[in-house]
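Next come the chains, spelled out residue by residue.
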Amino acid sequence: MKTVQFREALREAMSEEMRRDENVFLLGEEVAEYNGAYKVSQGMLDEFGAKRVIDTPIAELGFTGIAVGASMNGLRPIVEFMTWNFAILAADQIINSAAKMLQMSGGQYHCPIVFRGGNGTAGQLAATHSQSFEAFYAHVPGLKVITPSNPADAKGLLKAAIRDEDPVVFLESEKMYGDKGEIPEGEYIIPIGVADIKRKGKDVTIITFGKIIKVAHEAAAVLEKEGISCEIIDLRTIRPIDYPAVVESIKKTNRCVVLEESWPLASISSEIAYHVQRYAFDYLDAPVMRVTQTDTPFAFSPTLIDEALPNVERLVKAVKATLYRN
Amino acid sequence: MTAKSAPKPRKTTVKSTSKSTLKFPKETYVKWYKDMLLMRKFEEKAGQLYIQQKFGGFCHLYIGQEAVVAGTVSGSRPTDFHMTAYRDHAHPIGLGTDPRVLMAELYGRSTGCSKGKGGSMHFFDKSRNFMGGHGIVGAQIAMGAGVGFAEKYKGTDNVAFVSMGDGAVRQGALHETFNMAMVWKLPVVFIIENNNYAMGTSVERTTNVQDLSKIGASYEMPAQSVNGMSPEAVHEAIEMAATRARKGEGPTLLDIRTYRYKGHSMSDPQKYRTKEEVAEYQAQDPIEHCLNVIKENKFLSEKEIKEIQDWVNQEVAESVEFAENSPYPEAHELYEDVYKTEGYPFIVEY
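Line by line, the protein sequences give chains V and P. Its first residue numbered 1, the first sequence is counted upward by one per residue in the numbering used here. Its first residue numbered 1001, the second sequence is counted upward by one per residue in the numbering used here.
Chain V with its partners taken away, still in its complex shape:
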């Protein structure tokens, strides 16, 4: 094992795949000469040259559409969005073009393409720069959606995404790029669609994904001191969701809390809650609880951020509610 930053894990994944396959290339704003707005692609221009590490103008719709067309014609683009908030401008090409191409062409054309970039809140950036897009893109058949929570998963899943024949939405976080973690030496791939038990426990299952998992780990440590054992399931892939892993855990703990960084309505947490009541109803000893961001646009001031985001206190309270404890 070796210790690397999250951004380095992503870079290793892209560079290894670009060495392996000439048809893989990276494009986006500031990815080449600036070395990446968040330094994910640092050094890649030097290794692969301007043909394969391509700076674009600020034109998300245009460069995403060009990448989608290139993917229809034999290439395997990695499209970096500076953040997923800006990718709203490219949503037409992701949702109407890439996600539909295989089906609308009756199986003739497909889009092996990865869309990746920072997702979710990242400090005091206010409403337009702080959104999470798991639920938006997971809604769309034809896409796959991945949200890694640590460097090892990020590398293995990004390599899987680049090799996948379907369009993949890969959601990272500006706040995680500097996180350090251990990753295996040498090549490895983590399959898409497989959840991971990040902490074993027996009393309550906490289901979560992405960087908010840190809150789950902190809450689990607090609860352990009170004699409550939490199992943390990291979904890692949001489309398709590993429902069997969710149900298996709940069969063991009989209690479930979903922790999600984004808003509550039509969310991943509401989807999980539906599925659990439908397929694990007889195993539940308490209603499914969830902790999400408040049902409001994200705001600038620190006090408003504290109010908006899920935190350890709220999660501890939700876990205890499933145990009928205060």
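These are calculated hints, taken from the structure and not from any lab test. Worth double-checking, as some hints may not be accurate.
[Claimed, not checked] Restraint-style ranges between C-beta atoms, simulated for each label pair:
| no. | chain 1 | residue 1 | chain 2 | residue 2 | range |
| --- | --- | --- | --- | --- | --- |
| 1 | V | K202 | P | V1183 | 56 to 62 Å |
| 2 | V | N326 | P | E1330 | 54 to 60 Å |
| 3 | P | R1077 | V | E22 | 21 to 27 Å |
| 4 | P | P1345 | V | T303 | 39 to 45 Å |
| 5 | V | E248 | P | K1185 | 53 to 59 Å |
| 6 | P | E1342 | V | K200 | 29 to 35 Å |
| 7 | V | E165 | P | T1201 | 39 to 45 Å |
| 8 | V | K39 | P | S1127 | 19 to 25 Å |
| 9 | P | R1077 | V | L265 | 49 to 55 Å |
| 10 | P | T1243 | V | K51 | 33 to 39 Å |
| 11 | V | T303 | P | G1200 | 49 to 55 Å |
Just so it is clear, CB atoms sit at the ideal spot from N, CA and C, and this is done for glycine as well.
Put chain P on the given structure of chain V with help from the hints.
Quick look at chain P alone, frame taken from chain V:
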């Protein structure tokens, strides 16, 4: 607001042409005539069948605009790529797709060119490098540039031909794509099938820049207006633009001025234009023009012409028969062609 006449195509080439001044050989005129007649008859039949409610969805006909596809196909190579918007019936016909699978697609049958999953607006034929058939106005502009991007990346000298209506010119996707296509010198030919109306809204009502070829100037993209009622003019412009692209000199914008005789779609009352305007263009009909050239130059005998017409009618009739005798897709096909991954775990509640 009353409709005013469209920008006039150049009128010189639609008059009868003497043999000595013809720039194209007999074979080209015969092919144009045959292909355009097939497009026309296919579309006339599609329109009739649509009115008879033989199939549903939208139905945007290409009648009147055939010379644009005919000249584009003859001016390009079989290894080139073609992409267009939702007025897409004629493009695969021009490229040689069997009209049977196109008619079957209109009928939503599993034998259709997109297995009954795309319908009128989403024809595809990979065997002919026809890459759609796209329903969102302007989306194909960026994708088509990406097709050219891939050819340049792979080091070929193939060209991507991307068609759009005059309405699509107002989409942001066009301007973003034109900018990058010029920066990266992509081998793309952007074709405006300028029939002067974005559905019911004329060019002059939506822009200060009514000469669409001027749009290229913002990006220093070579651009010109072309008489879209003349397959000769279209062919020459396409060939010139393709040559530039193959030499690595980048994209060209062609404002091809054409006209659709029918409404935007089958539900269009056409109150935005006059009958006189329609008649003015019908007088320049490209199919009649090719037939006149063929007759005046004695390229074909009356019998041979009749054989072509009979063949076309037969093809269309057999296409309808093929479609009507084809099965609808079965329920399980809904889950196919959504992902390349085998066994994708769809959520199934029932």
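- Which of the numbered hints above does this structure break? Violated hints: 8, 10; rest satisfied.
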